[in-house]
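J.: Sequence:
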Amino acid sequence: MDKSNLEIDKLQYQIMSLQQPKKLKILVVDDEPDNLDLLYRTFRRDFNVLKADSGVNALEVLAAEGEVAVIISDQRMPEMKGTEFLSKTVPQFPDTVRIILTGFTDIEDLVEAINAGQVYKYITKPWDPGELKAVVQRAAETYDLLKQRTEELRRSHAQIALLSVLVQVTQAVSSLEETLAPIARAVSDTFGTDGCILQLTDGNTLIATQGTYSDTGTIENWLSLDPLTKEAIATREMQVSLNIPKDTKLVDAIHYKNTAVQAHLVIPISYRNQLLGVLSLQWKQPCTLREDELMLINLSAQLIAIALTSCH
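Just so you know, we're using the working numbering here: the sequence shown kicks off at 831 and counts up by one.
Just so you know, these hints were derived from the structure itself, not from any lab. Positions of the beta carbon are idealized from the N, C-alpha and C atoms, including for glycine. Not one of these hints is a red herring.
In the DSS-like style, the derived pairs of lysine-lysine whose C-alpha atoms are separated by at most 25 Å in a straight line are: (1) K1076 <-> K1087; (2) K1114 <-> K1079; (3) K1114 <-> K852; (4) K855 <-> K963; (5) K855 <-> K955.
Derived DEER-like restraints, expressed as beta-carbon distance ranges: (6) R874 <-> V941: 28 to 34 Å; (7) A1090 <-> L975: 31 to 37 Å; (8) K1087 <-> R874: 33 to 39 Å; (9) E862 <-> M1125: 47 to 53 Å.
Based on the sequences and whatever the hints tell you, model everything.
T.: Right, here's the structure in full:
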């Protein structure tokens, strides 16, 4: 097993140890208090349950809470039918899976909603708790699969964009300094960072030449003070902390608190055993990385090294 694979295995172990399974959010909507309470109690163990007693209030909940995995809505409610409410959620939350509860034979409304892709399934009242739980579980799995595929597609497009930038940089004749910022931006876009720094080194010392990118437009460079960066330079190995507030090794690193960075990954950029620089990926929230992302980070570091060498 080569060194890069050992690094990936080590990082993957850290990631798995930090990941905590999170309950998916679902929204239950019913104008009858008893039904609303029953729905809440039915699902609270398995999901983070939000509730609303009308379509209007449910829209307000979604505006405040953001996307949920599943919406379970009663059909017959005052002011706004369930199908009307659900149709209003489609433009902003297309991936959410929608379920209608109905005690009536509102066939026309239901058929129209189902055909329009607004309703995943309808359940008649009084519902069987076991059946409803099974339907919601399948709906949650459908949501998970859809989000996974959407994320994989987004990542694939970002990876292609990153590799395209690196190839262009490798072939470019512009100065070394001009290549750094485009690389930092491409890396940031690929991995969804809040900030990215590509800083060159002379021997084991950081020098002023750098390229930066931040989604806010500015980024503070404290890499010379950073324990992870120092370790990456000293060992020539990738260093990572995915949940800095809980990382006892970084408790004295005040720059993380000052800049609200809560996850940091530092990759040494080397070519033929010569250290060329470091790549810093920063997030404002604790994060997770998939194995394929770790593989791409390693590949990116190798391509960046080639690109930097070609520009000398």
